[in-house]
Amino acid sequence: MRRASETAAVSSKYSPGSLLSVGHLSVAEVSAILAETARIAALSPAERSAILRGRTIALLFYESSTRTRTSFELAAKSLGATTTLVSDKSSSIEKGESLKDTGLTLRALGAECIILRHSASGAPFVLARETGLPVLNAGDGMHEHPSQALLDLRTILNRLHGADKATSITEHSLSGVTVTITGDILHSRVARSNAMLLPRLGARVLLCGPTKLLPEDALGLGPGIEIERDFDRALAKSQVVMMLRIQKERIAGIELDLNEYIHRYQLNSERLLASAPQALVLHPGPMIRGLEISDEVADGAQSAIEEQVAHGLAIRSALLARALSAGIFKGQTI
Amino acid sequence: MNDILILNGRLIDPLSRVDALRDLLLRDGRVAAVEMPGTLKGQESAQTIDAKGLIVAPGLIDVHVHLREPGQTYKETIATGTAAAAAGGYTSVVAMPNTLPVNDTPSKLDWMLDAQRGSVVKLFAMPAATVGSMGETLTDFEALRKAGAVGFTDDGKPVLEDHVMRAALIAAARAEVPVSQHAEDTRLTGGCSMNAGPMAFRLGLRGMPIEAEARIVERDIQLLREIERAEGLRPHLHVQHVSTARAIEAVRKAKREGLHVTCEIAPHHFALNEEAVGDYDTHAKMNPPLRAESDRLQMIEALLDGTADCIATDHAPHAPFEKRQEFERAPNGITGLETALGLALRILHRDRGLPLSRLVELMSSSPSQIVSLAGRGSLAAGHYADLVLFDAGAEWVFDATISRSKSRNTPFDGSPMLGKVRYTICEGHIVYRG
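Chains as they are written, first to last, in the numbering used here: chain A, 136 to 469; chain B, 3 to 436.
Among the hints, erroneous ones may be present.
To be verified - Keeping only pairs whose Cα atoms sit at most 35 Å apart, straight-line, the calculated DSBU-like set for lysine-lysine is:
1) B:K325 / A:K235
2) B:K422 / A:K148
3) A:K383 / B:K159
4) A:K212 / A:K230
5) A:K347 / B:K325
6) A:K212 / A:K235
7) B:K325 / A:K224
To be verified - From the structure, some residues in chain B lie toward chain A, with a derived Cβ separation under 10 Å:
8) G192
9) G193
10) R204
11) L205
12) R208
13) G209
14) D281
15) T284
16) R326
17) Q327
18) E330
These aren't lab readings, by the way, just hints derived from the structure by calculation.
Just so we're clear, the structure is a prediction, and the values are computed from it rather than from any experiment.
Just so you know, even glycine gets a beta-carbon here, dropped at the ideal spot from N, CA and C.
Input sequences plus hints: build the corresponding full structure.
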């Protein structure tokens with residue numbers, strides 16, 4: 136288990152603007168990122184586009200993505216940066232080029248920061264080590280999706296405490312808040328990043344799902360995490376519920392009865408009304424409507440799913456500004 | 003005349019039950035005399051080594067190394083791998099068959115053992131148990147035995163099918179050599195790259211459960227039982243790189259039962275636990291993987307209480323470009339020949355009180371018996387002059403950049419070591435001087 140005291144030592148091996156794991160961020164850094172997010176969001180488009188004018192950012196995507204890729208790309212462009220997208224389907228990656236060589240090539244072409252989505256857990260660590268560039272982890276295998284956890288945090292803070300309280304946080308900002316994360320926890324990088332981030336701000340995280348998708352090992356993610364396999368019981372305790380899809384691309388070898396799964400774990404109107412009529416509903420997408428979540432809930436009044444996407448753009452703008460101003464960004468401890 | 007006189011050293015030769023100051027005379031590749039200090043002073047010899055303050059022991063023997071030749075000489079060659087062995091105090095190594103092509107015929111075995119390969123120490127080999135190590139058809143054990151095989155293994159993979167393993171144990175019993183099993187139920191480890199548990203979960207890596215190792219060990223032990231009963235043979239199962247408490251317990255019980263089971267433990271499995279994976283350090287990726295701390299401590303217990311028969315490195319060189327990639331893609335294995343003694347002395351001897359004589363047993367006399375290397379593993383007069391002379395108290399730090407191996411894939415770069423090899427002598431020739 137990585138202790139908080141090791142945070143600085145671990146992250147010092149990587150370019151300081153990198154964001155590889157939420158575990159590398161101190162609470163003060165999270166707070167600074169949220170403040171920067173609010174600051175950038177308040178700027179006029181013209182002011183915003185001066186922040187990274189003339190800078191070059193590469194998006195390196197080894198896995199398909201809609202939300203994350205588009206929001207990183209739009210965020211970079213809104214800050215005035217030049218972006219280039221490299222995906223595994225249309226590049227020398229298909230010819231067998233290594234991650235290291237792809238990274239060095241992008242660096243030689245002037246990329247000052249690489250945003251990486253990769254199917255292998257830990258790939259951003261390799262890229263950050265080999266290139267020395269700031270690397271933003273845009274989702275690595277089953278490991279982490281740090282920018283998603285940060286945008287979820289901003290969404291939760293905005294809805295629960297109001298936008299003005301979403302700019303500065305402490306270890307107690309989410310005290311008294313219970314967040315249930317339900318679904319395919321085993322394969323979810325979103326679940327890992329959230330379960331490691333939210334308890335550090337005082338939240339209680341309940342993980343919910345069948346044993347096959349939620350092994351007891353998940354408790355090792357850190358303190359403040361519990362397993363509650365009864366979804367209704369978890370909902371009744373929660374102010375926030377985050378739904379996850381079943382990742383069919385990673386689920387090989389696990390047999391699931393989908394009807395049974397829907398019966399036990401689908402978030403639908405009846406369940407929400409019965410157990411958590413006030414809870415905030417989140418979903419990182421992509422949603423599989425009719426499976427883990429019903430239409431009415433996804434589009435209902437308690438859903439903040441579209442807000443999550445909007446906050447994603449804002450958070451990623453701040454992460455890019457942070458990546459390219461490493462060392463001078465406030466809150467940076469290195 | 004190539005005689006060597008070794009004076010004033012502390013001879014530790016467990017098979018002769020000697021742990022005392024002795025002088026040795028080496029002549030014609032053999033130990034010619036072992037005498038009380040001072041007795042051999044008058045002997046004429048080309049060379050005299052003053053071993054005052056040094057341990058003089060039978061050369062170390064590693065029953066599990068990967069030398070990558072033929073086929074992957076960018077990782078290692080027989081010459082470079084055995085040079086690393088000599089630097090580590092080894093005088094005999096046993097090469098695994100997972101070369102390209104797989105060592106599964108007498109002619110391939112002959113080629114590997116040929117002096118032209120330039121082995122610096124005595125080279126032995128375990129050919130494949132099945133053709134191409136595909137786990138289906140047994141190789142010709144009898145012919146391979148005649149060509150010098152010291153055991154059979156499909157290392158890198160298990161012999162998975164019950165009936166194939168049963169047939170291999172029977173054929174090996176007739177050839178009077180062990181079947182050396184890589185105990186991994188690969189039906190449970192597909193896509194896995196480290197030990198199963200909370201650490202793997204946190205890193206988002208698929209984990210190898212301990213059952214994958216334990217089940218094969220338990221299955222193989224059951225086969226020994228059945229074969230002893232039904233065939234009247236006494237097959238010898240050697241379990242490679244045991245890494246889990248459950249597997250070592252199975253070995254312990256089987257030994258108590260009187261079955262012919264031996265096992266090895268790799269230095270990394272008593273030196274490191276899964277935490278060493280850290281942030282995806284591929285130098286902490288091997289198979290079997292680094293396990294939980296409780297397993298590591300059980301490996302040490304097994305070495306202390308005699309359940310473990312020997313230390314074997316599973317020396318597995320890989321090129322930098324192979325290790326410097328995504329954790330799940332990087333190949334398994336680390337180099338180990340130059341760090342085994344230094345780790346064993348520090349962790350087992352100094353920290354846990356393992357007597358030096360027991361350490362020499364684990365690293366020389368016992369492995370020599372496991373693979374029946376006649377005339378090795380002891381320094382009684384008449385035996386081969388295979389020796390290691392080391393300063394058991396010398397502290398040093400391993401620097402991978404000056405390794406004799408062609409590869410640098412070790413988690414022990416910069417790690418403290420105890421005990422410095424001063425001389426390695428193989429069949430009377432000084433093959434390393436440190």
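Hint check:
no.	hint	in the structure
1	B:K325 / A:K235	11 Å, holds
2	B:K422 / A:K148	32 Å, holds
3	A:K383 / B:K159	29 Å, holds
4	A:K212 / A:K230	29 Å, holds
5	A:K347 / B:K325	31 Å, holds
6	A:K212 / A:K235	26 Å, holds
7	B:K325 / A:K224	24 Å, holds
8	G192	7 Å, holds
9	G193	8 Å, holds
10	R204	6 Å, holds
11	L205	6 Å, holds
12	R208	8 Å, holds
13	G209	8 Å, holds
14	D281	5 Å, holds
15	T284	9 Å, holds
16	R326	6 Å, holds
17	Q327	6 Å, holds
18	E330	5 Å, holds
Going through the hint list in order, the structure satisfies each hint without exception.
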